[in-house]
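Protein chains in written order, with this note's numbering: chain C, 725 to 1155; chain Z, 725 to 1155.
What the hints contain is simulated information worked out from the structure, not anything from laboratory work. Virtual Cβ for every residue (Gly too), placed ideally from N, Cα, C. Watch out, some of these pointers could steer you wrong.
Simulated restraints, written as ranges between beta carbons of each label pair [to be verified]:
| # | chain 1 | residue 1 | chain 2 | residue 2 | range |
| --- | --- | --- | --- | --- | --- |
| 1 | C | 746 | Z | 932 | 34 to 40 Å |
| 2 | Z | 954 | C | 990 | 50 to 56 Å |
| 3 | Z | 979 | C | 814 | 48 to 54 Å |
| 4 | C | 1119 | Z | 794 | 41 to 47 Å |
| 5 | Z | 776 | C | 736 | 36 to 42 Å |
| 6 | Z | 958 | C | 1036 | 32 to 38 Å |
| 7 | Z | 794 | C | 1137 | 25 to 31 Å |
| 8 | C | 1137 | Z | 989 | 42 to 48 Å |
| 9 | Z | 986 | C | 746 | 40 to 46 Å |
| 10 | C | 817 | Z | 866 | 40 to 46 Å |
| 11 | Z | 819 | C | 862 | 46 to 52 Å |
| 12 | C | 736 | Z | 980 | 20 to 26 Å |
| 13 | Z | 982 | C | 746 | 33 to 39 Å |
| 14 | Z | 958 | C | 1119 | 26 to 32 Å |
DMTMM-like, lysine to aspartate or glutamate: derived pairs with alpha carbons at most 25 Å apart [stated by the list, open to error]:
| # | chain 1 | residue 1 | chain 2 | residue 2 |
| --- | --- | --- | --- | --- |
| 15 | Z | 1142 | C | 811 |
| 16 | C | 982 | Z | 803 |
| 17 | C | 868 | C | 953 |
| 18 | Z | 1142 | Z | 811 |
| 19 | Z | 864 | Z | 811 |
| 20 | C | 864 | C | 778 |
| 21 | Z | 982 | Z | 734 |
| 22 | Z | 982 | C | 734 |
| 23 | Z | 868 | Z | 953 |
| 24 | Z | 1142 | Z | 768 |
| 25 | C | 1142 | Z | 734 |
| 26 | C | 797 | C | 778 |
Number of protein chains: 2
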Amino acid sequence: MIKKIKGSFEQFAIASHLIRWTILAIPLSLTVGTLVALFLWLLDKATRLRWQQEWLLWLLPLAGAGIYWLYKKLGRNSEAGNNLIMDEIHQPGGGVPARMAPLVLLTTVITHLFGGSAGREGTAVQIGGSMAHLLGRWIKLTEKDLRILLMMGIAAGFGAVFGTPLTGAVFALEVLAIGTIRYDALVPCLIAAVFADTVCSAWGIHHTHYAIHFTDGKATPFIPFLQMDLWLLSKVVLAGVAFGMASYLFANSMHLIKHYAQRFIRPAWLIPVAGGVVIIVFSWALGTRDYLGLGVYSKEPGGVSIVNAFQAGGAHTWSWLWKLLFTAITLAMGFKGGEVTPLFFIGATLGNTLAILLGAPVDLFAGLGFIAVFAGATNTPIACTLMGVELFGTSHVLYFAVACFTAYYFSGNSGIYKAQRLAVPKRVEQD
Amino acid sequence: MIKKIKGSFEQFAIASHLIRWTILAIPLSLTVGTLVALFLWLLDKATRLRWQQEWLLWLLPLAGAGIYWLYKKLGRNSEAGNNLIMDEIHQPGGGVPARMAPLVLLTTVITHLFGGSAGREGTAVQIGGSMAHLLGRWIKLTEKDLRILLMMGIAAGFGAVFGTPLTGAVFALEVLAIGTIRYDALVPCLIAAVFADTVCSAWGIHHTHYAIHFTDGKATPFIPFLQMDLWLLSKVVLAGVAFGMASYLFANSMHLIKHYAQRFIRPAWLIPVAGGVVIIVFSWALGTRDYLGLGVYSKEPGGVSIVNAFQAGGAHTWSWLWKLLFTAITLAMGFKGGEVTPLFFIGATLGNTLAILLGAPVDLFAGLGFIAVFAGATNTPIACTLMGVELFGTSHVLYFAVACFTAYYFSGNSGIYKAQRLAVPKRVEQD
């Protein structure tokens, strides 16, 4: 009986704990949701302006030098970006500067305006993390509570920027360590992500809709009593392996380009300038600008883009590899932005190519690549499976999981975030 | 370059690792899928027979004594059930006897035939675990590999019995410890669950379809620019708290009844006999048999059942409490079967009651209760969110997550499985 009364006190403690975090989530989400809305609006303007004024691309090397200069003068330690926030969660102490938010917002828009190939989630996560740190310092949170608020900031940024709050919350918990999710701040993260997404939508931001029209026959050809298309499933596994290898290639290209650029290009401000020149040369050589910028839409309706990759003919055989190179060069040589939207592009176009090779439904495989390459590169298979559900609906949730988990295994024991810890190795024998 | 070559060897190692587990999954899934199909078929026959021959209920005390005798004579350590399998995964050594599978299959069917209130997932998990252990011993797996095979057995049993393979795989990883998922065996578990579900369906087993027809207006009343119904969301949070408390009540009732029965009822064979008598008396006093057996359907079309709880009027105000008591008495006093289907019943009927109290859509809240009470009692919020997606579709995935995560928090730091470890406490301050 005494245990029971003590037990019900525990429930009160949990309730007051959650109410406290809900209240803290309000100012955080208002700020992060609003800044992300501003960011997405600016990004849209920048992309349209770049489409109209094609000469802007010629200024990309100069823009790179400008970004270098901005971070040199004003950045302090905020150059480390997402890794800085993750390090601060693992081991509080260094702090996340508030200037990170405006700096990364501005430099990402510059990157996109002049034609760098980059994403947006890194920017949103950094806005979320630095605003969370600022709020936490103002109200003098303890280190432990600040950790939770930082995770909420990641969840809020990610949830708002893609309109997928559940994915944002799970991503914030899953990204910290490879091979495990800890439920430290499950509900606070979900609250922050839902609020931030609501705020961002209230500003009139609309997210792109993707649709997978393919419906599953629910039977294996020639073996009608197997109510599961094992033939399609094995194609999904094969594709998952390829998606994982693409993640691996992307993460390693980033690391290699960064390493060699720092080694061979001096002084340091020449690195982004050289990166800008390479992007211009590649664009000219390929005769297309489809691999610049976000890539969600293309300037011409028939170009290569994420949206078009969901239809046959919407991508070329090697589109994925080009986008991989453009993005690795852009981000590893000093431009700003996230990795995730390019990963969506790489995945969707690779899925398009694989679907034709394997004789599989194009829209399904584009969707699988979309989430699976991201899952492999960031080591977040569960968040990405949920993202599949939030973006494409439920009918193919099993294929989403198979593709994401397989890609996760085959992307190797590293990823794009060097601050990610290895909690459980992917092969058990390695213990 | 050398690193890269080494890296690609790693991918080969991962591939051969997965191929090996895929091959091992085949005999496991064939056995487990077939036994689960047999079990579900027998369960259906037993339920129909009980509906026709109402006098069978009078023999429930005798059936209890029979079950006691069977386990006494033949059971060895298999009485510990699910906990034994989880202990074996945490700390290999004791072994899981092969006899567990036929024993639990037989005694669960007996429990249902004579009117005990119980579920089926415990039985399926025990079939999966004991067959996995048998297979592992035959082919002389190492302790580490046996651990993985046992998790695959849980995934196969759970995936096949509810027709939800993804949930089965995530459940097998999530149930082992509170507050964390380790990805030790993510893909092997998924393979085993998909195969076992396919085998079970190939035997002609059909799973019940549940439907949530409610569609969200996607706007908050009076604040039209908020594109998220925050009003409905707060009702979901309130309901989640209630679902968590129901999980807490269920787990504690089980523990208390077991404790006091063992203390005050001697000799031990009298415990199930007394349990049977109490069930008979309760049924007679309430004038209904709707709380006996599985409860997915009721004998009369208008009775209280899981399926009917998805419509207004399909449950009474206290249906959830009665089912909770019937099940706690049945399982804590020596009958066999799972806890999960009764938890679905408790959740769906509580959701039905709460929907009317809060002025919320009945089908949505019945669905939320269905998954959330289970999430709270077993501490598996992510598996249960995915179960919502696998069973009810995707439109409400955010509400599924909110309800499951909230219930998870409010169910306290214990659950129905005493072998579950506490990895991360639910309130961070407790560290």
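I'd like to know which numbered hints this structure contradicts. Please list them from smallest to largest. Hints 3, 5, 6, 7, 8, 11, 15, 16, 17, 20, 21, 23, 24, 26 contradicted; others consistent.
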